[in-house]
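Protein chains in written order, with the working numbering: chain A, 43 to 311; chain B, 6 to 330; chain C, 73 to 515.
Read the hints as simulated data drawn from the structure, not as lab findings.
Think of the CB as a built atom: it goes at the ideal place given N, C-alpha and C, for glycine as much as any other residue.
One or more of the hints may lead you astray.
Some chain A residues near chain C, calculated using beta-carbon distances under 8 Å [what the hints assert, rightly or not]:
| no. | residue |
| --- | --- |
| 1 | 113 |
| 2 | 123 |
| 3 | 124 |
| 4 | 163 |
| 5 | 172 |
Derived pair list, reagent style BS3-like, types lysine-lysine, alpha-carbon separation capped at 25 Å [to be verified]:
| no. | chain 1 | residue 1 | chain 2 | residue 2 |
| --- | --- | --- | --- | --- |
| 6 | A | 250 | C | 511 |
| 7 | C | 283 | B | 321 |
| 8 | C | 152 | C | 288 |
| 9 | C | 511 | A | 65 |
| 10 | B | 321 | C | 287 |
| 11 | B | 321 | C | 292 |
| 12 | C | 287 | B | 328 |
| 13 | C | 509 | A | 65 |
| 14 | C | 292 | B | 328 |
| 15 | B | 249 | C | 438 |
| 16 | C | 438 | C | 473 |
| 17 | A | 112 | C | 120 |
| 18 | C | 280 | C | 152 |
| 19 | B | 328 | C | 280 |
| 20 | B | 257 | C | 509 |
Per label pair, the in silico range of CB-to-CB distance [as the list claims (entries may be wrong)]:
| no. | chain 1 | residue 1 | chain 2 | residue 2 | range |
| --- | --- | --- | --- | --- | --- |
| 21 | B | 127 | C | 291 | 47 to 55 Å |
| 22 | C | 279 | B | 194 | 53 to 61 Å |
| 23 | A | 164 | B | 141 | 53 to 61 Å |
| 24 | C | 358 | A | 164 | 21 to 29 Å |
| 25 | B | 305 | C | 354 | 48 to 56 Å |
| 26 | A | 214 | C | 232 | 32 to 40 Å |
| 27 | B | 127 | C | 468 | 40 to 48 Å |
| 28 | B | 127 | C | 274 | 37 to 45 Å |
| 29 | B | 123 | C | 145 | 49 to 57 Å |
| 30 | A | 189 | C | 354 | 54 to 62 Å |
| 31 | B | 306 | C | 131 | 44 to 52 Å |
| 32 | C | 131 | A | 97 | 45 to 53 Å |
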Amino acid sequence: MNYFAGVDIGSTAIKIVLIDDTKNIISSKVTPTGSQFRKNAVDALHAMLADCNLAFDELAYVISTGYGRKLLKEADESVSEITANAIGAMEAGREHGVINTIINIGGQDTKAIQIDESGTVTNFAMNEKCAAGTGKFLDVTARNLEIELEELGDYHLNLKTAPLPINSTCVVFAESEIIGLLADGHGKEEIVAGIHYSIAKRTIRLAKRVGLEGLVYFDGGPALNKGLVASMEDELGKKIVIPDFPQITTALGASVLAYEAYLDEMESA
Amino acid sequence: MVNRIRTFINSCDLRRFRFWLQLLLFILLVYGGYAAINLGQNLPTFSCGYNQDGKGGVCYLLPLQHQLARGPASLFSWAGIAVLTGFLYFVIWFFVFNKAWCGYACPLGTIQDWITALRKKMGIPYASYTWEQFRHLKKIKYALLVLMIFIPMGIGSGIFSHDMATPFCMICPGRTIIPLFTGDFSQLTIDFSSKTKMIMTTLGMLVTGLFFTGSFIKKRFFCFFCPMSALHYMLSKPAFLKLKKDGSKCTKCGDCYSVCDMQIKEIADDVDNINILQDDCIMCLKCISACPEEGCLKVNFLGQHVFESTVDGYIKRMEKGNKSE
Amino acid sequence: MNRLLMVTSSGWKKEIKVSNDPKTDEKKTAFNLTHQAIEAESMLRRIKDDFPDNPESMNYFYDLYQQVYCEGRSVYDKEKIVGTMCVQVPEELIYAAGGVPVRLCSGFYTDDQHGAEFMPAKSCSLVKATLGMLSNKSTLPFINKVKTVVSPTTCDQKRKAGAIIEEMGYDVYNMELPPLKESEEARLYWQRSIHKFSVSLKEITGNKITKDSLKKAIGKTAAAQKAYRKLHNLRKETPPVLLGKDVFMITNAYFFDKIENWTAAVNKLNEELEQRKEEKFSAAQRRAPRILFTGSPAIFPNLKLPVLIEESGGVIVADENCSSNRMLYDMITVDEWNMSNMVDGIADNYLKPCTCPIFTNNDDRKRKLINMSQEFAVDGVVYQTFSGCQVYSMEQSSITKVLRDEGIPVLLVESDYSPDDMGQLSTRVEAFIESLKAKKRRK
Numbered sequence: 043m044n045y046f047a048g049v050d051i052g053s054t055a056i057k058i059v060l061i062d063d064t065k066n067i068i069s070s071k072v073t074p075t076g077s078q079f080r081k082n083a084v085d086a087l088h089a090m091l092a093d094c095n096l097a098f099d100e101l102a103y104v105i106s107t108g109y110g111r112k113l114l115k116e117a118d119e120s121v122s123e124i125t126a127n128a129i130g131a132m133e134a135g136r137e138h139g140v141i142n143t144i145i146n147i148g149g150q151d152t153k154a155i156q157i158d159e160s161g162t163v164t165n166f167a168m169n170e171k172c173a174a175g176t177g178k179f180l181d182v183t184a185r186n187l188e189i190e191l192e193e194l195g196d197y198h199l200n201l202k203t204a205p206l207p208i209n210s211t212c213v214v215f216a217e218s219e220i221i222g223l224l225a226d227g228h229g230k231e232e233i234v235a236g237i238h239y240s241i242a243k244r245t246i247r248l249a250k251r252v253g254l255e256g257l258v259y260f261d262g263g264p265a266l267n268k269g270l271v272a273s274m275e276d277e278l279g280k281k282i283v284i285p286d287f288p289q290i291t292t293a294l295g296a297s298v299l300a301y302e303a304y305l306d307e308m309e310s311a
Numbered sequence: 006m007v008n009r010i011r012t013f014i015n016s017c018d019l020r021r022f023r024f025w026l027q028l029l030l031f032i033l034l035v036y037g038g039y040a041a042i043n044l045g046q047n048l049p050t051f052s053c054g055y056n057q058d059g060k061g062g063v064c065y066l067l068p069l070q071h072q073l074a075r076g077p078a079s080l081f082s083w084a085g086i087a088v089l090t091g092f093l094y095f096v097i098w099f100f101v102f103n104k105a106w107c108g109y110a111c112p113l114g115t116i117q118d119w120i121t122a123l124r125k126k127m128g129i130p131y132a133s134y135t136w137e138q139f140r141h142l143k144k145i146k147y148a149l150l151v152l153m154i155f156i157p158m159g160i161g162s163g164i165f166s167h168d169m170a171t172p173f174c175m176i177c178p179g180r181t182i183i184p185l186f187t188g189d190f191s192q193l194t195i196d197f198s199s200k201t202k203m204i205m206t207t208l209g210m211l212v213t214g215l216f217f218t219g220s221f222i223k224k225r226f227f228c229f230f231c232p233m234s235a236l237h238y239m240l241s242k243p244a245f246l247k248l249k250k251d252g253s254k255c256t257k258c259g260d261c262y263s264v265c266d267m268q269i270k271e272i273a274d275d276v277d278n279i280n281i282l283q284d285d286c287i288m289c290l291k292c293i294s295a296c297p298e299e300g301c302l303k304v305n306f307l308g309q310h311v312f313e314s315t316v317d318g319y320i321k322r323m324e325k326g327n328k329s330e
Numbered sequence: 073m074n075r076l077l078m079v080t081s082s083g084w085k086k087e088i089k090v091s092n093d094p095k096t097d098e099k100k101t102a103f104n105l106t107h108q109a110i111e112a113e114s115m116l117r118r119i120k121d122d123f124p125d126n127p128e129s130m131n132y133f134y135d136l137y138q139q140v141y142c143e144g145r146s147v148y149d150k151e152k153i154v155g156t157m158c159v160q161v162p163e164e165l166i167y168a169a170g171g172v173p174v175r176l177c178s179g180f181y182t183d184d185q186h187g188a189e190f191m192p193a194k195s196c197s198l199v200k201a202t203l204g205m206l207s208n209k210s211t212l213p214f215i216n217k218v219k220t221v222v223s224p225t226t227c228d229q230k231r232k233a234g235a236i237i238e239e240m241g242y243d244v245y246n247m248e249l250p251p252l253k254e255s256e257e258a259r260l261y262w263q264r265s266i267h268k269f270s271v272s273l274k275e276i277t278g279n280k281i282t283k284d285s286l287k288k289a290i291g292k293t294a295a296a297q298k299a300y301r302k303l304h305n306l307r308k309e310t311p312p313v314l315l316g317k318d319v320f321m322i323t324n325a326y327f328f329d330k331i332e333n334w335t336a337a338v339n340k341l342n343e344e345l346e347q348r349k350e351e352k353f354s355a356a357q358r359r360a361p362r363i364l365f366t367g368s369p370a371i372f373p374n375l376k377l378p379v380l381i382e383e384s385g386g387v388i389v390a391d392e393n394c395s396s397n398r399m400l401y402d403m404i405t406v407d408e409w410n411m412s413n414m415v416d417g418i419a420d421n422y423l424k425p426c427t428c429p430i431f432t433n434n435d436d437r438k439r440k441l442i443n444m445s446q447e448f449a450v451d452g453v454v455y456q457t458f459s460g461c462q463v464y465s466m467e468q469s470s471i472t473k474v475l476r477d478e479g480i481p482v483l484l485v486e487s488d489y490s491p492d493d494m495g496q497l498s499t500r501v502e503a504f505i506e507s508l509k510a511k512k513r514r515k
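Bound conformation, chain A alone (with noise of 0.2 Å):
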């Protein structure tokens, strides 16, 4: 049995996925990437690799992704998070159908990207040097409205009247404006679907440069907030392939690629 490692160093948090010779995962682990992020992934790893007693030299391949990708020694090779997205996109969507279209949404940048059948992207598109519409944006507004990121999902699910428009496009100005809004006597759930229809606009709009015909397929943390994930289709217009665990899409595509890189170098070999 080979197993295979896909390290995914974001800039929040160090997502690791771990798969077998059937492509299964075995195990995944989700930790934050704090001020020394390579030493906090080869801990993270070994942690892992000790729940599921594995010895590191077991591990076939690593493949590392995300903006840290290049400084982790310990993987054999490296790619750009986006290839190892849609390779994972592809991979756990595969029973809703077939993905067309991947929006990721992370925590300082938000991309879409277009695949075909085959996994291979043909198109994408990143945010151009600035965090609106990023994970960064939900930080901020659970942190002046005081709740817990997890419960922004419950806050707009409960909302009953109608979200409120939200104009700062820039997360730091739209700081003061929630804080206005609050004074104001608004309440916490129009707020909170307001910035989540502000960030969803944002984000329809950036993916509309790559095309949104054919099943779409949302991955990123900002995905398992279901208020956000609600607003998203309603601007879309339809329904959008959720994965059961959004963060580690990228980690997995990566270990899925590791696997397929340790079969090119037994045929070769």
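With chain A's structure known, arrange chains B and C on it following the hints.
Structure of chains B and C alone, referenced to chain A:
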């Protein structure tokens, strides 16, 4: 081996090749008669029939005008078959070299090129037509072609007098100039025997004068007005020698246009059509020799490669030009 | 003895004595401490050291950059330098008038920052950098000698920059370039602009252009273009014999090197590349995706995007850039070698085939990109736009559509001279290269 021949041809000094071929064909057509060479009476070029002793063959326009003047009774009877067969011979001769008859064989064309060479030696730059002038002047050759066909027919029907016989030859500079090369100055006169003849021969003298002055300041001046050229173009589609362009390789540099003696802009502007021959083209192939893109302009004979633009050939020719003149 | 004014990062001006005499080494090092030199050194090191198997003949170019940009020693001595702003300025006329044309477009981030005081924030880095370079006269060795700047009326920012340069104290000669190039009117307009320029050169350089001097000048650039064309064709080879980063070094060197030396060096390189071709030597990995680079020009030391592409496993086999291919590709045709014909031939050459996006119609650019993609067996196109560059960004959609219709993938990258977008750039470029590799694998 085939590649080496191809490369050699594509890198040739076209100017020199053309000079010698033009000289050879000039001697053949103007002096061939002395060697009893007779290429027939249906030549698609100005091998003038008035050059009694030396002519190596006769320009088709002369017998054509005679035949058309016979009168409708004759033309539309069995004797009219002769007109058709004459025309057929003309077409076959023409098909072989297409409009390269103009650029390489025509004695009038060759004379104009010699006059151009004289101007170049004197360091005088040439003149060009503006676009407006060009558009209007282009139509004259078609008008002359029409007149050349209908006036003789008019003579045959009694509308015009016989003094108008071979009307084009009367005004053609070939009649006055080519016999000069065999020492015959007799065509350089004004014929006072009738008013018509006087007008026609005066026109002829004027055209002759215009021929010399025009071709001194403008390359191939006469060819813009040539009815033979108009006739050629109407038959040129199925001809064997074809001028072709691969538009995808064209950088629109316009070099072909700037060297073209006939100021043909379509050769540079058209990137869609493959067959690029225009009505004024004399197939001198200067455009091909000035094209710096590999395989963009070419001339084929029945699909076989004859000459094609290449980067190496272009560079060689430009280097040579820079060193010599 | 020159007085070098060094502006430190805190804005404090420090006066240092500098000698151009190569013997006095320790005084020369003052230039090494300037930000320009540091930038140049860092990019030069990346280009030399990050890649294996650089051709032996490239050392001429690496040494040239070391000498001029890292040590501040000019290749020129007493020549009359005439600064040029764009690719449409006819070099042959300047050579014929006894001058030396030097292209002023700067690639330095340091100069970009200096230039920011003259131009609005969201404007083209290249123009800002050029202004910065000209305002701070003593940084680059040959800039001292530039008195006249020839500026064709190309894009809005270059045109307005011309006025700003004049205020700095330079003589700016504006060449009138037509906004359309297809019509006969445009051709005649430009021919007259060129004729006027050829007459004005007498005041600029003090020499009149003669038939002989013009013939010699045309011969000089023709030799350079011949060498370049050979290099260009060698890049078509599979496997590739040369990396794109080296080609940019070569073509960027044409801006400021002595033309005879440059031509000789390229000819020598071509011989070495012919040898590589015989031996089927590959300069990149076997499956490296072949890239065509186009858009806003890559100018040393701002070669970060081409270098990134090649560090990510791609190989740039062709480019459609005014700092590279567009500058050297088209050759001059002359029918009759007299003065007026030669000058007209020069005029036509700089206008008609020019694929600069400042012209209203971009059909020629589209056709050229497609033709190059086919001739060089290109797998993908990387299209760079500087933030604030209007002409290239407005062309993006039409060019992308045409290329995609031909089945050629395109990566659009918006960038500028600042070094802080490397993270985002590397993600995009790597993803693009990876998708091209995946496509190749599937074939």
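Evaluation of the provided hints:
{"no.": "1", "hint": "113", "in the structure": "violated, 12 Å"}
{"no.": "2", "hint": "123", "in the structure": "holds, 7 Å"}
{"no.": "3", "hint": "124", "in the structure": "holds, 4 Å"}
{"no.": "4", "hint": "163", "in the structure": "holds, 4 Å"}
{"no.": "5", "hint": "172", "in the structure": "violated, 11 Å"}
{"no.": "6", "hint": "A/250 / C/511", "in the structure": "holds, 23 Å"}
{"no.": "7", "hint": "C/283 / B/321", "in the structure": "holds, 21 Å"}
{"no.": "8", "hint": "C/152 / C/288", "in the structure": "holds, 17 Å"}
{"no.": "9", "hint": "C/511 / A/65", "in the structure": "holds, 23 Å"}
{"no.": "10", "hint": "B/321 / C/287", "in the structure": "holds, 15 Å"}
{"no.": "11", "hint": "B/321 / C/292", "in the structure": "holds, 14 Å"}
{"no.": "12", "hint": "C/287 / B/328", "in the structure": "holds, 8 Å"}
{"no.": "13", "hint": "C/509 / A/65", "in the structure": "holds, 23 Å"}
{"no.": "14", "hint": "C/292 / B/328", "in the structure": "holds, 12 Å"}
{"no.": "15", "hint": "B/249 / C/438", "in the structure": "holds, 22 Å"}
{"no.": "16", "hint": "C/438 / C/473", "in the structure": "holds, 10 Å"}
{"no.": "17", "hint": "A/112 / C/120", "in the structure": "holds, 21 Å"}
{"no.": "18", "hint": "C/280 / C/152", "in the structure": "holds, 14 Å"}
{"no.": "19", "hint": "B/328 / C/280", "in the structure": "holds, 21 Å"}
{"no.": "20", "hint": "B/257 / C/509", "in the structure": "violated, 35 Å"}
{"no.": "21", "hint": "B/127 / C/291: 47 to 55 Å", "in the structure": "violated, 24 Å"}
{"no.": "22", "hint": "C/279 / B/194: 53 to 61 Å", "in the structure": "holds, 56 Å"}
{"no.": "23", "hint": "A/164 / B/141: 53 to 61 Å", "in the structure": "holds, 55 Å"}
{"no.": "24", "hint": "C/358 / A/164: 21 to 29 Å", "in the structure": "holds, 24 Å"}
{"no.": "25", "hint": "B/305 / C/354: 48 to 56 Å", "in the structure": "violated, 38 Å"}
{"no.": "26", "hint": "A/214 / C/232: 32 to 40 Å", "in the structure": "holds, 33 Å"}
{"no.": "27", "hint": "B/127 / C/468: 40 to 48 Å", "in the structure": "violated, 53 Å"}
{"no.": "28", "hint": "B/127 / C/274: 37 to 45 Å", "in the structure": "violated, 26 Å"}
{"no.": "29", "hint": "B/123 / C/145: 49 to 57 Å", "in the structure": "holds, 54 Å"}
{"no.": "30", "hint": "A/189 / C/354: 54 to 62 Å", "in the structure": "holds, 59 Å"}
{"no.": "31", "hint": "B/306 / C/131: 44 to 52 Å", "in the structure": "holds, 50 Å"}
{"no.": "32", "hint": "C/131 / A/97: 45 to 53 Å", "in the structure": "holds, 49 Å"}
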